[in-house]
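Note that the protein sequences, when read in sequence, are chains H and Y. Quick note on the numbering used here: the first sequence kicks off at 4 and runs consecutively. Quick note on the numbering used here: the second sequence kicks off at 108 and runs consecutively.
All the pointers check out, no bait thrown in.
Cross-link-like lysine-lysine pairs, in silico, BS3-like; alpha carbons within 25 angstroms at most:
id, chain 1, residue 1, chain 2, residue 2
1, H, K17, H, K70
2, Y, K209, H, K12
3, Y, K326, H, K254
4, Y, K406, H, K254
5, H, K169, H, K158
Quick caveat, the hints were computed from the structure, so don't treat them as lab data.
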Amino acid sequence: MGNNNNIYKPIRAKLTNVIEESALIKTFCLTPEQDFEFKTGQFIEVSVDGIGEAPFTPSSSPLVKEKLEVTVMKTGYVTEYMHNLKPGALMGIRGPFGRGYPVDKFHDKEVLILGGGCGFAPIRSLLYNLIAISDKLRKVTLCYGSKTPEDCIYKPYISVLRQTPKFEVHRSVDKASGDWSERVGVVTILLDDVKVDIKNSVAVVCGPPVMMKFGTRKLLEMGYPEHDIYLSMEKNMSCGLGKCGHCMMGKYFVCKDGPVFTYDEIKDQPNIWD
Amino acid sequence: MQYRSIKKEEWDQFLGELINTHIVYANVADEFGEDYELLRSGHISNIAYNKPKPATSLKSFFLPVRENVTSEISTGRKRVIIGAPNCDIEGLSILDEIYLDKDFEDPFYRTRRENTLLISSDCFGTQEHCHCLSYGIRPYSLSKSDLAVICMDGTIIFRVISAKGEEFLNMMPGAGLLNDTNIIKAIEDKQKETESILTEANKGLPDYSRTGKIVAEAKQDIWEKYSARCVSCGACATICPTCTCFLLIDKPGFEKVKQLDACQYPGFERTAGGEDSLHKLHDRFRNRYMCKYVWKPQKFNSIACTGCGRCIEACIGKINKNELFREFA
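Build out the structure end to end from the sequences listed, making use of the hints.
See the structure below:
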């Protein structure tokens, strides 16, 4: 919560770099005015001075304390302003908030990750974490889908992952163009290509709601138990503190009880996919 | 429980001095009814004792409609609130659960709670929509406030509830122990009488242990029927002693203003991507009931309704939630 006791007060963070990932997605590299720790999958509230605040799960490594990155799709009022910011700008951050990925529970297991679009952002943070503990994991399989090859983000990181022992990457696009040589179709088709030992595996899903819905359905069909499917839920997390009520999903405040839930925790709650 | 009493003239005189050192609010009667007023010497004789709820709920003293939450927290003068009905006192429990949550304590709320002495009022008689007893809440406070005040035959009587309340009474040399069992019995008789009125007036309402099931099982056509006259004005949530949702608004200099919000407003749950699970009016309408009678009980083990009936009074569409509950009782 920074160096103040006021839960509403952001700490300042300097925007040091902006990386253009795709036409609509940019990664913002921030250096907070003080060390800032988070667990992978937790989120932070990022504010543009005088404009607004929005929740993002850092896409950078949770092992790095002096800087962090958020990957943001231009999709609303605050993100539009963010996309216009230049390095040197001061931003505000509050957090970290909520419950992230329980990485300790992944020990001795295979991790199957299903991601779509900008949902790769939290996943990249998780992958950084998993690489650091890869000696404790059996295998990590990433299935990532985007609309077109141009919309694929973190291209250099994909190359790194493909050269990392125990890590496997499958990609698909809804619509191919140029020299795309990987799969074409919705991201769930990638699950037909992977070989997983489901009994010794957990699945992680992060992406747009419709992808989460069909991805979860497919994983259940494959035989994944409901308690081994980890979902990073997206709601209107406004305060991050379990107070303002905007992210209520049944009995849960997604900001405080989540944003990472297992499917069995939330399957009976209303409107989980919209 | 210990009672103390003081002559009304002495109490009034004490209040006249108290307003110089404390911020004192009291339930004051005027030609429009009863509501909290910042107490000034001219109001003291108009304080409404033994009356059911003031128009405004107690939450407004702890969760202002709008406040800058990045400003400095100042304690200022101590505050005394006189005349809070027990429905509102019980409603503070939900506010405490949320705002004094050990993980993220709201420092503004904490300061106001600690800085305030709560003098509740026994309700002798009811208003049209009072139904606290249906939610297991009595029309008089035995806990959670600091003192309860009763006015009888020119005497002000205090039921001592907390140590903070007792300490306050020690500031009043005239407030001696009340041992007259006839007076105490007269108070208890009045309490029972009010409970009888409430029981009679609220016949047909389901027991509070059943409201959650009724709400959870109600089908869409029920919500469409009861929301037909809703105009999403949010008055029900604004006036409710337990509705606490808010919006954070950014101001230049990384300042944040917290403003009371309501799930009845369109766009309450909308995300930047456009997903909005409460897009439809009947879904927003249902959401409030689900929150109060199903989800809050699951989360905090307590229904988020105190039976104050203000939402019924405030509704410009004349939607009466008790009609819904009566239909399914």
